[in-house]
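Number of protein chains: 4
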Amino acid sequence: MSQEEAVGQPFEHEIRVTWGDCDPARIAYTARIPWFALDAINAWWEEKLGGGWFQMELDRGVGTPFVNMTIDFRSPVTPRHRLLCAVRPVRLGETSVSFEVLGRQDGVLCFEGRFTCVFIAVPRFRKAPPPEDIRAVVEAHLN
Amino acid sequence: MSQEEAVGQPFEHEIRVTWGDCDPARIAYTARIPWFALDAINAWWEEKLGGGWFQMELDRGVGTPFVNMTIDFRSPVTPRHRLLCAVRPVRLGETSVSFEVLGRQDGVLCFEGRFTCVFIAVPRFRKAPPPEDIRAVVEAHLN
Amino acid sequence: MSQEEAVGQPFEHEIRVTWGDCDPARIAYTARIPWFALDAINAWWEEKLGGGWFQMELDRGVGTPFVNMTIDFRSPVTPRHRLLCAVRPVRLGETSVSFEVLGRQDGVLCFEGRFTCVFIAVPRFRKAPPPEDIRAVVEAHLN
Amino acid sequence: MSQEEAVGQPFEHEIRVTWGDCDPARIAYTARIPWFALDAINAWWEEKLGGGWFQMELDRGVGTPFVNMTIDFRSPVTPRHRLLCAVRPVRLGETSVSFEVLGRQDGVLCFEGRFTCVFIAVPRFRKAPPPEDIRAVVEAHLN
Numbered sequence: 001m002s003q004e005e006a007v008g009q010p011f012e013h014e015i016r017v018t019w020g021d022c023d024p025a026r027i028a029y030t031a032r033i034p035w036f037a038l039d040a041i042n043a044w045w046e047e048k049l050g051g052g053w054f055q056m057e058l059d060r061g062v063g064t065p066f067v068n069m070t071i072d073f074r075s076p077v078t079p080r081h082r083l084l085c086a087v088r089p090v091r092l093g094e095t096s097v098s099f100e101v102l103g104r105q106d107g108v109l110c111f112e113g114r115f116t117c118v119f120i121a122v123p124r125f126r127k128a129p130p131p132e133d134i135r136a137v138v139e140a141h142l143n
Numbered sequence: 001m002s003q004e005e006a007v008g009q010p011f012e013h014e015i016r017v018t019w020g021d022c023d024p025a026r027i028a029y030t031a032r033i034p035w036f037a038l039d040a041i042n043a044w045w046e047e048k049l050g051g052g053w054f055q056m057e058l059d060r061g062v063g064t065p066f067v068n069m070t071i072d073f074r075s076p077v078t079p080r081h082r083l084l085c086a087v088r089p090v091r092l093g094e095t096s097v098s099f100e101v102l103g104r105q106d107g108v109l110c111f112e113g114r115f116t117c118v119f120i121a122v123p124r125f126r127k128a129p130p131p132e133d134i135r136a137v138v139e140a141h142l143n
Numbered sequence: 001m002s003q004e005e006a007v008g009q010p011f012e013h014e015i016r017v018t019w020g021d022c023d024p025a026r027i028a029y030t031a032r033i034p035w036f037a038l039d040a041i042n043a044w045w046e047e048k049l050g051g052g053w054f055q056m057e058l059d060r061g062v063g064t065p066f067v068n069m070t071i072d073f074r075s076p077v078t079p080r081h082r083l084l085c086a087v088r089p090v091r092l093g094e095t096s097v098s099f100e101v102l103g104r105q106d107g108v109l110c111f112e113g114r115f116t117c118v119f120i121a122v123p124r125f126r127k128a129p130p131p132e133d134i135r136a137v138v139e140a141h142l143n
Numbered sequence: 001m002s003q004e005e006a007v008g009q010p011f012e013h014e015i016r017v018t019w020g021d022c023d024p025a026r027i028a029y030t031a032r033i034p035w036f037a038l039d040a041i042n043a044w045w046e047e048k049l050g051g052g053w054f055q056m057e058l059d060r061g062v063g064t065p066f067v068n069m070t071i072d073f074r075s076p077v078t079p080r081h082r083l084l085c086a087v088r089p090v091r092l093g094e095t096s097v098s099f100e101v102l103g104r105q106d107g108v109l110c111f112e113g114r115f116t117c118v119f120i121a122v123p124r125f126r127k128a129p130p131p132e133d134i135r136a137v138v139e140a141h142l143n
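Protein chains in written order, with full-length UniProt numbering: chain A, 1 to 143; chain B, 1 to 143; chain C, 1 to 143; chain D, 1 to 143.
Hints are computed from structural coordinates only; laboratory data are not their basis.
You may find that some hints are simply not true.
Since the list gives no way to pick out one identical chain from another, each pair is judged satisfied if it fits inside one copy or across any two copies.
SDA-like cross-link-like pairs, simulated, lysine to any residue; straight-line CA separation at most 25 Å [what the hints assert, rightly or not]: (1) K48 to Q9; (2) K48 to L84; (3) K127 to Q9; (4) K127 to L109; (5) K48 to R82; (6) K127 to S75; (7) K127 to P65; (8) K127 to A86; (9) K127 to R80; (10) K127 to T70; (11) K127 to P10; (12) K48 to S75; (13) K127 to R26; (14) K127 to G93; (15) K127 to L102; (16) K127 to R74; (17) K127 to R16; (18) K127 to V108.
Predicted model only: the values in this text are computed from it and were never measured.
Build out the structure end to end from the sequences listed, making use of the hints.
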């Protein structure tokens, strides 16, 4: 039994890939993929915390700017199937958090990425440990 | 002699259309065109006022939200040529301004649009007459 | 009783507006709105015809390039609520179709737009009447 | 003397960052950065080969899909200064090429990324060594 199964279904964000996302090669343009992945991470926060980056920053003064993204592109993304992005936190530091995003279409892994953010206190844009409830939400989903 | 010639060369903003702007029909995706047109209007402000929407809003507390856009698409936009967007104000009201944007590639008119904005005072998001220097800049280019 | 009620619920496409769609004024950037509206029209085709622009063009050789878009922006779009885009065809010509898109958040009309497309036969990019089943799908939803 | 100086000025692509590229934190949205970087790589091909991805794929049947991107975000990107993206190839394999992109504003390093593409022969979407002139262009700029 995998760890993923042990902790239940991972969070999955569904994206409707369209004509406008595709380039003349008839697949989603490479620069759209990080956008999709970030949409999925934002959706993870919405689902787990009750608000995405917009609410975190404006209502709570907590920002999570990215310091690194690494993406392997495995297979083209097309409008033929919905894009399912599985998101989970994979590391939580004192002032940072890393997410893994796996994008699949019709059972095929299309891309896998790792994204690291730091927590900052708005408006000074300085690294700061996250509030306890945010830390707790991430910890609850680490595996 | 056209009015345009009478007042000198209109402002022109050059856009490098790329692979990533195109859809599977191998032409710029329709939803990219308004984006290009807005880039051109912002560039007009940069050129004429010394700062675009970012500087107007953050440094001066003046916003210019759009209330209408109307675009006729005449001919496909492609990466084969630079896209030249001619911008000029065509109407100035008490609290509003309208711009015309003509997009051309290789001498061919690709789209023509008209965009109307209202002036607002930030942060109350209320309509307000623009500062005198902004009004003067627009008036100087009306024709 | 309005016509809309007479013919049942209109098609509605839900969009999750996010942080990344917003500009420094903390509302969706103007140039994102036409993109949202086109996503909604594409979703209408997916729902009614079984395939969006991607499938229409690649599988059936039917393109529907836009010749005009006109949008009135009524109220800011934000990530506070889902954006519900009601789409319906409002005119069907020999070789063209017009759609109305109404975008609402939390019961408030945010924008209303009208979009006109022509039918073309790929790959010659020439205007042509649409196939009968496509015409029938549009006609069934005109009101 | 650095290697860069030894071989002359690196290729630099200038990007006008605007209001619409920024999120509510008033800096360019993270997902715009890979887009900027890809624009810069495409511009490198335009400059060095005489045509970007559009021309490579449509006119010559050569595609260069990405297999990996890794980006470190060092400092926020804003509309206050032009974004200068220095691009250079850093590795050329039998059927792949890697580019480094360094984004700077006002002398400050904002991001650094590495992007790896494979060469494919269109339309079969299979890895293939690049044509000799393309290989030569990359080799001439490796350092």
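Hints, verified against the model:
Proximity of K48 and Q9 under a CA criterion of 25 Å is satisfied intra-copy only: 14 Å inside one chain copy versus 32 Å between copies. Taking the shortest alpha-carbon separations for K48 and L84, both the intra-copy value of 18 Å and the inter-copy value of 23 Å come in at or below 25 Å. Proximity of K127 to Q9 under the C-alpha cut-off of 25 Å is found in neither arrangement, the shortest distances being 32 Å within a copy and 36 Å between copies. Proximity of K127 to L109 under the C-alpha cut-off of 25 Å is restricted to the inter-copy arrangement: shortest distance 19 Å between copies versus 34 Å within a copy.
Taking CA atoms no more than 25 Å apart as the test, K48 paired with R82 passes in both settings, with 22 Å inside one copy and 17 Å between copies. Taking the shortest Cα distances, K127 and S75 sit within 25 Å of each other only across copies (13 Å), while inside one copy they are farther apart (36 Å). Taking identical chains as interchangeable, the C-alpha atoms of K127 and P65 lie at most 25 Å apart only when both belong to the same chain, with a minimum of 10 Å there against 34 Å between chains. Taking the shortest Cα distances, K127 and A86 never come within 25 Å of each other, neither inside one copy (27 Å) nor across copies (28 Å).
Taking identical chains as interchangeable, the C-alpha atoms of K127 and R80 lie at most 25 Å apart only when they sit on different chains, with a minimum of 23 Å there against 42 Å within one chain. Taking the closest pair of Cα atoms, K127 and T70 come within 25 Å of each other both inside a single copy (21 Å) and across two copies (22 Å). For a Cα distance limit of 25 Å, the shortest separation of K127 from P10 qualifies neither inside one copy, at 28 Å, nor across copies, at 34 Å. In the homo-oligomer, the alpha carbons of K48 and S75 never lie at most 25 Å apart, since the shortest distance is 29 Å inside one protomer and 28 Å across protomers.
In this assembly of identical chains, the alpha carbons of K127 and R26 lie at most 25 Å apart only when taken from different copies (17 Å versus 41 Å within one copy). In this assembly of identical chains, K127 and G93 lie within 25 Å of each other by CA distance solely inside one copy; the values are 12 Å within and 40 Å between copies. In this assembly of identical chains, K127 and L102 lie within 25 Å of each other by CA distance solely across copies; the values are 24 Å between and 27 Å within a copy. In this assembly of identical chains, K127 and R74 lie within 25 Å of each other by CA distance solely across copies; the values are 13 Å between and 34 Å within a copy.
Neither within a single protomer nor between protomers do K127 and R16 lie at most 25 Å apart by alpha-carbon distance, with minima of 35 Å and 28 Å respectively. Within a single copy, K127 and V108 get their C-alpha atoms only as close as 38 Å, which misses the 25 Å cut-off; across copies the closest is 19 Å, which meets it.
Going down the numbered hints, you'll see the structure goes against 3, 8, 11, 12 and 17, while the others check out.
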